[in-house]
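Novice: As they're listed, the protein sequences go chains A and B.
Taken in order, the first sequence gives residues 0 to 715; the numbers are from numbering that gives the first Met the number 0.
Taken in order, the second sequence gives residues 0 to 715; the numbers are from numbering that gives the first Met the number 0.
Derived by calculation from the structure, the hints in this document are not laboratory data.
A couple of the hints might just be wrong.
Put simply, identical chains are the same to the list, so a pair is met inside one copy or across any two.
Unchecked claim - Straight-line alpha carbon distances no greater than 25 angstroms define the calculated SDA-like cross-link-like pairs of lysine to any residue that follow:
1) Lys233 <-> Glu250
2) Lys89 <-> Gly463
3) Lys710 <-> Asp681
4) Lys282 <-> Glu336
5) Lys405 <-> Asn227
6) Lys55 <-> Ile501
7) Lys692 <-> Val84
8) Lys49 <-> Val74
9) Lys136 <-> Thr636
10) Lys696 <-> Tyr682
Number of protein chains: 2
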Amino acid sequence: MRVYEIMDGVKKYRFGSPISTDAIVLEGYEIDNEKPRYLTIENNKDLKLKYKMAVKDQVFGLGENQKGINKRGGVFEAYCSDDAVHTPDKKSLYGAHNFLIIHGAQKFGVFIDYPGRVKFDIGFTHRDELEIIIDDKNLDLYIIDGDSLREIVNKFLKIIGKSYVPPKWAFGFQQCRWSYVDAEEVEGVADSFIKYDIPCDSIYLDIDYMEDFKDFTVSKERFPDFKNFVKGIKNKGFRLIPIIDAGVKIEEDYDIYEEGIENEYFCVGKDGSPFVAAVWPGKVHFPDFLNKDARKWFGYKYKVLTDCGIEGFWNDMNEPAIFYTERGISEAIGFVEKSKNKNLNIYSFFQLTDCFEGLSNNDKDYKSFYHNMNGKLVNHDRIHNLYGYNMTRAAAEGFKEIDSNKRFLIFSRASYVGMHRYGGIWTGDNHSWWEHILLNMKMMPSLNMCGFLYSGADTGGFSGDANAQLVIRWTQFSLFTPLFRNHSAMGTRKQEPYAFDIESVDILRETIRLRYALLPYIYSEYMKAVREQDVYFAPLLFEYEDKYSKHVENQLLVGGSLMIAPIYEENALARHVWLPEEMLLWKVVSYDERVLEVMDRGHHFIDIDINEIPLFIRKNKMIILGNHANNVEKLETLEMNIVAFVDNRATYTYYDDDGMTYDFKQGAYSEIIIDIEKIDEDYKINIHNNGNKHVKKMNFDIVDMSGNITKKSVKI
Amino acid sequence: MRVYEIMDGVKKYRFGSPISTDAIVLEGYEIDNEKPRYLTIENNKDLKLKYKMAVKDQVFGLGENQKGINKRGGVFEAYCSDDAVHTPDKKSLYGAHNFLIIHGAQKFGVFIDYPGRVKFDIGFTHRDELEIIIDDKNLDLYIIDGDSLREIVNKFLKIIGKSYVPPKWAFGFQQCRWSYVDAEEVEGVADSFIKYDIPCDSIYLDIDYMEDFKDFTVSKERFPDFKNFVKGIKNKGFRLIPIIDAGVKIEEDYDIYEEGIENEYFCVGKDGSPFVAAVWPGKVHFPDFLNKDARKWFGYKYKVLTDCGIEGFWNDMNEPAIFYTERGISEAIGFVEKSKNKNLNIYSFFQLTDCFEGLSNNDKDYKSFYHNMNGKLVNHDRIHNLYGYNMTRAAAEGFKEIDSNKRFLIFSRASYVGMHRYGGIWTGDNHSWWEHILLNMKMMPSLNMCGFLYSGADTGGFSGDANAQLVIRWTQFSLFTPLFRNHSAMGTRKQEPYAFDIESVDILRETIRLRYALLPYIYSEYMKAVREQDVYFAPLLFEYEDKYSKHVENQLLVGGSLMIAPIYEENALARHVWLPEEMLLWKVVSYDERVLEVMDRGHHFIDIDINEIPLFIRKNKMIILGNHANNVEKLETLEMNIVAFVDNRATYTYYDDDGMTYDFKQGAYSEIIIDIEKIDEDYKINIHNNGNKHVKKMNFDIVDMSGNITKKSVKI
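Sequences are here, hints too, so could you generate the full structure?
Specialist: Here is the structure:
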């Protein structure tokens with residue numbers, strides 16, 4: 000074992016010769032060999048790391064997973080999985096985020112940098128035992144010391160590098176469905192948003208826009224003049240976001256297929272010939288995204304669509320999902336033939352149905368193909384969790400080639416830590432279940448702890464039918480997620496914000512308008528999180544260590560100033576909220592009507608009507624709002640509104656930039672530092688403008704601890 | 000349409016010539032034709048009943064179903080379904096309970112007495128529209144008027160007749176698993192309960208006790224001397240409860256099969272020959288429980304097992320579940336053969352897997368067999384929801400033949416209103432999901448409203464693996480359910496109360512002991528609910544009509560004196576509780592240690608440690624406790640303990656009977672009426688004993704509104 004000091008309080012322990020994942024960006028320096036602190040290592044058949052938990056220890060992290068923000072009591076497996084039924088017992092979803100934080104008697108973080116299968120038993124089998132089982136003996140183990148959850152997370156975010164930054168318009172509302180199948184239908188969606196006067200920035204193209212599901216093609220029948228169509232839709236105020244799937248259709252004369260074959264860019268089977276799996280296009284090959292050259296090749300293919308004016312994409316099916324392989328199907332058919340003329344007993348019957356149920360995403364298949372990593376063949380199973388990551392990296396690197404300083408929207412279904420530098424993720428094929436609103440809420444801070452800031456769930460739920468109330472309540476939460484997208488599956492009830500009764504449409508319009516009005520705050524907080532390598536969503540424990548804050552699983556901190564407590568239960572019109580300190584409650588019905596109420600520290604049960612969105616502004620904090628517009632580019636920031644809750648002094652930094660380029664990295668951004676100081680019965684407002692050329696005036700609603708509201712306006 | 004007045008405020012509207020379900024026991028008398036109140040009737044292709052809901056209307060009832068106690072926002076289908084994955088979107092579970100109550104601007108109940116498919120859209124499609132769609136034009140519609148939820152429910156309980164009463168020992172803790180396969184394993188379970196000193200009354204035999212899953216057989220290999228074995232286990236303190244499945248194995252010389260064929264007791268296909276389906280035994284015929292003679296024949300078969308000393312049964316697979324039929328399997332195989340040499344495109348692939356996924360419980364199969372109802376052939380689909388009902392009725396009628404005055408334990412998976420008079424139900428194959436504790440809590444009052452009092456869920460969850468915490472928290476709720484059974488599936492982690500670490504075992508032991516100590520209260524309240532045709536579990540709204548009580552979905556009233564507020568979230572150590580009035584809180588760690596605290600009306604956030612069970616005793620109410628014993632028959636009631644919360648006066652009726660027979664129906668029961676009156680600073684206790692010969696002494700802990708505790712003892 001070799002040991003490295005990566006940064007102050009972060010050590011790396013190298014077991015064997017691990018495959019490089021590029022999850023970590025800091026190299027550190029080698030130090031004297033020492034045993035990892037905290038963990039007991041059992042090196043037998045598997046590699047096991049064990050930790051004895053104290054009764055009150057909590058365990059955080061693990062990114063995209065089931066269960067609570069506190070993961071104690073659960074079993075999880077890091078193995079990117081295309082599983083569309085996210086019941087509470089699922090051990091793997093689409094992402095593999097092997098970072099966890101033990102918070103209790105001792106406090107430390109653990110990151111298992113190994114891209115194959117890793118199991119986490121967090122007090123499931125034995126209430127007091129944390130056990131991590133790794134399928135391999137080649138890995139990097141990182142141990143992170145820190146005095147608090149926040150400190151440990153911040154150190155981890157430092158070593159994994161800064162988050163992806165999407166264009167600013169990607170913070171607008173986005174509308175998706177599997178699928179808006181042709182130009183006419185897309186046009187109809189755009190027109191509905193206009194007709195109902197609901198803000199929206201983009202409309203998605205799911206798999207049916209392609210010619211036979213072939214990547215980087217567009218159906219000529221359904222989108223006869225795609226380039227002009229993209230332009231027309233953009234003129235109406237919307238960007239189109241096409242999907243790109245991992246598998247490349249096997250079809251002669253299809254250029255991507257031909258080039259891939261010619262250059263040996265596809266994953267291969269044991270015999271060296273390209274591996275065949277079946278996904279949406281039928282039989283496909285998988286581009287070998289672990290092969291640098293293949294990645295470069297595939298990434299540049301996005302130009303086919305960017306040349307048509309496309310500025311954003313979502314990468315799907317990149318676990319990679321496999322519907323079936325020849326192996327599977329012929330085994331199943333063989334089984335049918337064998338049993339055909341027998342009197343099937345009940346166990347044979349179950350074997351038979353299992354044969355078919357087990358066709359998709361089968362372990363045997365994942366073990367039967369290989370990647371070319373710098374000339375070395377590596378079995379897929381060993382690096383499974385890097386596949387979607389490197390597909391998205393391919394895209395991001397491609398965009399750099401295509402237009403080096405332009406920000407593109409890109410997010411992925413499968414992911415691994417490190418991919419957060421290249422793109423965002425959405426949380427995959429959830430359901431129109433109330434339980435999935437809460438799961439969405441719990442996942443967001445966990446994802447943030449693992450580096451994934453640009454993220455969100457399919458609002459309203461992907462599978463199954465949603466009713467108006469579910470879509471309203473979910474939208475009232477999602478308005479705070481950086482990726483804010485309504486999406487639903489083929490065959491389900493339509494759930495666009497205009498799909499319901501007029502009262503619901505009115506509520507949804509106001510909800511989405513609040514998002515746009517809050518965009519200055521949301522974008523500022525997002526960009527500060529990126530730049531300071533911090534989180535955007537946090538559990539209360541990040542800021543408050545009191546007994547109740549430690550356990551809150553249904554309230555979140557959003558940026559530095561806000562706490563939210565959404566409704567996530569059907570027919571609920573009130574909920575319990577824990578306030579770890581005094582906060583200013585604004586139940587937003589319409590963002591330009593401010594009814595502000597000071598709430599004491601303590602437990603509250605708060606009425607929240609179907610059209611109300613409760614915002615809690617923290618003490619000595621403020622939020623900044625503009626007005627809504629029908630898309631992000633039309634937002635204007637001439638006049639801004641500040642709502643502040645001031646005991647003695649509050650300071651806020653309002654960040655802005657061009658929203659389109661990476662110039663901010665070279666300092667091309669503005670900051671307005673707003674400082675409100677209470678002096679006697681009045682407030683001294685100090686505004687320090689670093690380069691913002693848009694804002695001309697700021698209107699203040701300053702509330703003191705007794706609820707007195709002082710209104711002020713300041714010219715900039 | 001003919002109209003009947005059934006009782007005051009209850010009218011029946013007869014459409015066409017409905018099949019008699021025997022759901023309702025009162026006939027009433029015919030009155031002048033009139034339109035049903037409240038509902039609009041659309042009589043087109045289907046029969047549709049519609050109601051325009053006011054914004055604040057709530058809808059209760061529907062028994063065994065997903066979603067909240069308030070069903071508004073949901074879509075449901077009454078069609079008994081063997082579906083083992085109870086996700087929130089499932090429209091049908093195992094029971095069909097077509098009674099619902101609209102509570103709001105207007106208040107009324109609706110019962111759709113039709114045993115085929117009925118759909119309920121309760122504001123799902125349109126927020127303000129209740130729509131009931133019936134598959135047929137022959138049905139009885141009942142409309143029930145009342146001024147409150149309780150009044151409407153009580154009237155319904157009156158017209159459907161009194162609930163089944165199990166033997167008293169069936170209120171003890173029960174242990175099940177699929178399966179304790181042989182005598183040795185069952186013995187081991189019994190010995191473990193003894194070793195760990197955990198009370199338990201019965202141990203279950205799931206399908207593997209039989210010879211090849213043949214009803215009314217016992218494997219000679221695994222239980223070589225069954226009769227003696229039953230006796231031996233009973234001597235240790237446990238009763239054995241075998242399962243009976245609906246399907247009868249097709250096997251020559253198997254007497255049940257032969258007799259069924261000979262007497263034409265099986266359901267038939269279109270051609271008149273017995274219908275063949277495959278379930279656990281492989282190919283089976285379904286006894287025609289709608290045929291009176293077949294019912295009588297099958298019911299008397301239980302004697303095979305009662306002759307061995309068996310005193311309780313559970314009827315399973317009686318929706319009836321169908322794994323597959325020849326039709327389905329040959330269609331699926333045909334599809335495989337057709338597609339074998341074709342290049343499967345992706346839609347054909349999904350068709351292929353759908354073929355196999357759709358084999359079980361297929362509508363086509365349910366439509367392809369018939370019942371002989373008094374000589375008339377009736378398609379199964381029309382009476383589907385009566386099948387499990389009449390299987391259980393067969394058993395109950397059989398028991399009457401076998402031993403007319405003895406109470407047997409009998410409960411069923413499938414059910415329909417009316418079956419509650421013959422047996423209980425359990426809520427089927429749930430999962431070891433935290434969400435299913437809450438679902439269990441919400442289902443109990445809904446089931447009670449539909450008449451099903453003896454009921455409970457598989458504690459700890461049937462499918463999937465449970466951890467210790469889940470089993471503890473679930474048991475802390477289930478201890479209040481009349482049917483209190485821990486059950487889990489083959490292949491899952493063991494979850495008996497002794498299966499975990501010693502701390503967990505200690506907690507579970509105390510939890511189960513509390514059940515036994517509370518049994519005098521639980522049994523009294525159950526029997527009073529039966530006799531007074533009332534509920535045992537109720538939502539708060541039954542007693543409190545304030546704004547918050549109307550919406551509480553996670554607290555329940557248990558009998559007349561108690562409110563409970565269980566923990567149902569992983570790692571939670573506290574929860575919100577709404578108190579509609581002052582209550583006395585006793586957080587039970589051990590039932591013989593009383594720490595009593597008066598809680599004010601209002602919202603509370605209450606710490607509840609893993610070993611604590613909060614009981615809330617209502618104002619001017621009391622509970623009665625004995626001590627634990629290792630089974631119900633060993634409980635002695637010489638000395639009883641009363642915990643009372645008295646503002647001015649509290650009265651309680653402690654009911655008891657022999658627990659074994661139906662003599663209580665002839666007045667052979669005792670009541671002790673306890674009256675506590677506060678007079679100045681003291682209490683006057685009046686005890687009126689109607690026939691109880693066991694209780695000799697009562698110890699009182701009387702708490703006043705200030706929390707002062709007065710201890711008293713009274714000799715009887």
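Novice: All the hints need checking, so say for each whether the structure fits it.
Specialist: Okay, the hints, checked on the actual structure:
Taking the shortest alpha-carbon separations for Lys233 and Glu250, neither the intra-copy value of 33 angstroms nor the inter-copy value of 71 angstroms comes in at or below 25 angstroms. Taking the closest pair of Cα atoms, Lys89 and Gly463 come within 25 angstroms of each other both inside a single copy (18 angstroms) and across two copies (10 angstroms). In this homomeric assembly, Lys710 and Asp681 come within 25 angstroms of each other (Cα to Cα) only inside a single copy, at 11 angstroms, whereas the closest approach across copies is 60 angstroms. Within a single copy, Lys282 and Glu336 get their C-alpha atoms as close as 24 angstroms, and across copies as close as 20 angstroms, so both meet the 25 angstroms cut-off.
In this assembly of identical chains, Lys405 and Asn227 lie within 25 angstroms of each other by CA distance solely inside one copy; the values are 21 angstroms within and 83 angstroms between copies. Proximity of Lys55 and Ile501 under a CA criterion of 25 angstroms is satisfied inter-copy only: 18 angstroms between copies versus 49 angstroms inside one chain copy. Within a single copy, Lys692 and Val84 get their C-alpha atoms no closer than 49 angstroms, and across copies no closer than 58 angstroms, so neither meets the 25 angstroms cut-off. For the homomeric pair Lys49 and Val74, the shortest alpha-carbon distance inside one copy (14 angstroms) is at most 25 angstroms, but the shortest distance between copies (47 angstroms) is not.
Taking the closest pair of Cα atoms, Lys136 and Thr636 never come within 25 angstroms of each other, the shortest separation being 55 angstroms inside a single copy and 63 angstroms across copies. For a Cα distance limit of 25 angstroms, the shortest separation of Lys696 from Tyr682 inside one copy, 17 angstroms, qualifies, whereas the shortest one across copies, 72 angstroms, does not.
Against the hints set out earlier in the document, violations occur for numbers 1, 7 and 9.
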